[in-house]
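Enquirer: Sequence lines, in order, name chains A and B. Just so it is clear: in the first sequence, position 41 is 40 by numbering that gives the first Met the number 0, and no numbers are missing. Just so it is clear: in the second sequence, position 54 is 53 by numbering that gives the first Met the number 0, and no numbers are missing.
The set of hints was computed from the structure by calculation and includes no laboratory data. A few of these clues could be false.
Stated by the list, open to error - Label pairs and their computed distance ranges (CB to CB):
id: 1; chain 1: A; residue 1: Gln-261; chain 2: B; residue 2: Thr-122; range: 24 to 32 Å
id: 2; chain 1: A; residue 1: Gln-33; chain 2: B; residue 2: Thr-122; range: 50 to 58 Å
id: 3; chain 1: A; residue 1: Ser-147; chain 2: B; residue 2: Gly-7; range: 40 to 48 Å
id: 4; chain 1: B; residue 1: Gln-65; chain 2: A; residue 2: Gly-62; range: 21 to 29 Å
id: 5; chain 1: A; residue 1: Leu-50; chain 2: B; residue 2: Gly-135; range: 23 to 31 Å
id: 6; chain 1: A; residue 1: Arg-57; chain 2: B; residue 2: Lys-40; range: 25 to 33 Å
id: 7; chain 1: A; residue 1: Ala-187; chain 2: B; residue 2: Asn-64; range: 28 to 36 Å
id: 8; chain 1: B; residue 1: Lys-40; chain 2: A; residue 2: Ala-145; range: 31 to 39 Å
id: 9; chain 1: B; residue 1: Gly-135; chain 2: A; residue 2: Arg-224; range: 47 to 55 Å
id: 10; chain 1: B; residue 1: Gly-7; chain 2: A; residue 2: Ala-145; range: 24 to 32 Å
id: 11; chain 1: A; residue 1: Arg-224; chain 2: B; residue 2: Glu-146; range: 29 to 37 Å
id: 12; chain 1: A; residue 1: Val-43; chain 2: B; residue 2: Lys-40; range: 38 to 46 Å
As the list claims (entries may be wrong) - Sample of chain A residues facing chain B (criterion: CB under 10 Å; computed from the structure):
id: 13; residue: Val-7
id: 14; residue: Ser-8
id: 15; residue: Leu-12
id: 16; residue: Asp-17
id: 17; residue: Gln-44
id: 18; residue: Leu-50
id: 19; residue: Leu-52
id: 20; residue: Met-59
id: 21; residue: Val-71
id: 22; residue: Val-72
id: 23; residue: Ala-132
id: 24; residue: Pro-211
A virtual CB, placed ideally from N, CA and C, is assigned to each residue, including glycine.
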Amino acid sequence: MNEPSDRVSDDELHALVDGQLDAGRVPSVLAWLQANPDDAARVVQWQAQRLQLRQIARAMDVGDSPQALAGVVLRAAGAVRRRQTWQQAVAAVLLVAVGVTGGWFWGQRESSPASPAMAASPSFVREAVLAHAVFVPEKRHPVEVAASDEAHLVQWLSRRLGSPLKVPSLADHGYRLLGGRLLPGDGAPRAQFMYENEQGVRVTLFVAVFGPGQAPAQTSFRSMRDGARESFYWVEDRFGYALSAESSSADIQALARHVYAQLAR
Amino acid sequence: MGVEQTLGHIPALRRYARLLTGDATRADDLVQDTLERACVKWSLWKPGSALCSWLLTLMHNLYVNQQRDWRHDDGHAELDDAPEPTHEPLSQAGERMELMQALAALPPPMREVLLLVTVEEYTYAEAAKILDVPVGTVMSRLHRARERLRELMIDPAQATRTAPLQLVKR
């Protein structure tokens with residue numbers, strides 16, 4: 000006969016199943032189950048449900064996330080940035096005006112002398128960094144349109160961005176084009192091209208086409224490092240480019256030079 | 000970091016939403032609504048608190064509103080759609096489908112509690128907070144969910160019997 004104080008509640012049985020029972024109560028609950036086979040049977044079945052559900056959840060293949068989902072956040076992040084200035088939002092980002100610190104930059108335009116005041120990169124660079132972070136780890140769908148269909152890829156993205164695009168080749172540096180995708184930008188669509196080398200290291204080139212009068216003023220070559228990731232970016236005419244990779248500055252710089260040279264032609 | 004922090008939670012949200020709605024399209028719609036809500040309400044999130052449970056709270060509210068909009072059956076008999084077949088290997092599909100069907104046959108409030116507690120491993124108190132109900136309610140829903148699943152797994156035909164078939168019975 001069980002004393003009323005020994006009575007184990009259903010709540011405690013659930014807590015046992017879910018690992019949420021106070022350790023001090025475990026012996027009493029187990030003793031109760033030994034004495035009450037019906038409850039023991041229920042608990043065993045609940046436990047089986049729990050394990051099976053967890054197994055289903057683990058094994059469930061929901062596929063890669065539709066870009067529309069990340070797009071919701073990326074768009075909003077852009078809006079927030081416009082309100083707050085993004086230096087505040089991303090305090091840890093180290094900005095380097097390469098024209099000043101690296102001792103090199105090309106194509107400096109008379110219209111926009113490099114100055115410390117311009118340390119804040121344009122919003123498209125921020126978009127580029129986020130898009131890089133989101134899509135580079137994608138295993139199954141890193142790109143929307145594969146490089147095997149390069150002509151279509153270029154035509155499609157050119158049409159969507161409203162200006163003919165060029166896709167530079169990075170083959171000289173051991174990177175092959177994987178393909179590209181269309182992304183939401185700050186009021187306009189953007190293009191991202193992704194490259195990969197033999198070791199599986201990926202590099203992205205983000206392209207923004209600005210409307211008349213909307214291009215950021217600065218045009219000199221700059222870089223922005225965010226942890227292991229670095230983006231080199233520049234603005235030329237109505238085009239903004241950002242080349243991002245997890246690599247040494249020297250490597251990315253060399254790649255960026257290469258891209259710049261091809262696009263400038 | 001701002002609202003971008005939610006990006007890392009998208010896969011988990013999608014998985015949860017898929018189990019919750021039993022439907023891939025509805026799940027992603029729900030996730031999208033949740034992210035939009037999160038962007039709008041971002042200033043209300045307290046940095047340092049668990050972002051995922053905050054997102055699940057938003058998702059719960061949206062989900063409840065959807066239920067309210069879509070059906071007016073005061074929650075006792077959930078005429079949910081059967082889950083869409085997933086792209087799983089056939090060998091494992093059978094047993095899973097059975098449990099998925101049973102899960103889909105649960106009234107949404109029970110399903111939510113069950114998923115939060117078992118799959119997402121929230122404590123009862125955390126689940127109560129996400130759902131904005133007392134812990135006692137979480138416990139009673141959990142109990143009913145598990146007992147109902149038990150019945151459904153013993154007699155899987157029940158799961159389909161609670162579905163629209165009932166409507167055509169004479």
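Enquirer: Take the hints in turn and mark each one as holding or not.
Expert: Structure-based check of all given hints:
1. A:Gln-261 - B:Thr-122: 24 to 32 Å: With Cβ atoms ~56 Å apart, the hint is violated.
2. A:Gln-33 - B:Thr-122: 50 to 58 Å: 27 Å, violated
3. A:Ser-147 - B:Gly-7: 40 to 48 Å: 31 Å, violated
4. B:Gln-65 - A:Gly-62: 21 to 29 Å: 22 Å, holds
5. A:Leu-50 - B:Gly-135: 23 to 31 Å: At roughly 26 Å between Cβ atoms, Gly-135 (chain B) and Leu-50 (chain A) fall inside 23 to 31 Å, so the hint holds.
6. A:Arg-57 - B:Lys-40: 25 to 33 Å: 30 Å, holds
7. A:Ala-187 - B:Asn-64: 28 to 36 Å: At roughly 33 Å between Cβ atoms, Asn-64 (chain B) and Ala-187 (chain A) fall inside 28 to 36 Å, so the hint holds.
8. B:Lys-40 - A:Ala-145: 31 to 39 Å: 38 Å Cβ-Cβ, so the 31 to 39 Å window holds.
9. B:Gly-135 - A:Arg-224: 47 to 55 Å: 52 Å, holds
10. B:Gly-7 - A:Ala-145: 24 to 32 Å: 26 Å, holds
11. A:Arg-224 - B:Glu-146: 29 to 37 Å: Roughly 56 Å apart at Cβ, these two residues miss the hinted range, so it is violated.
12. A:Val-43 - B:Lys-40: 38 to 46 Å: 42 Å, holds
13. Val-7: 14 Å, violated
14. Ser-8: OK, holds: Ser-8 (chain A) within 10 Å of chain B, min 9 Å.
15. Leu-12: 9 Å, holds
16. Asp-17: With a closest approach of 6 Å, the Asp-17 (chain A) hint holds.
17. Gln-44: Hint holds; Gln-44 (chain A) Cβ to chain B Cβ min 5 Å, cut 10 Å.
18. Leu-50: Hint holds; Leu-50 (chain A) Cβ to chain B Cβ min 9 Å, cut 10 Å.
19. Leu-52: 5 Å, holds
20. Met-59: 6 Å, holds
21. Val-71: Holds, about 4 Å.
22. Val-72: 5 Å, holds
23. Ala-132: 8 Å, holds
24. Pro-211: 29 Å, violated
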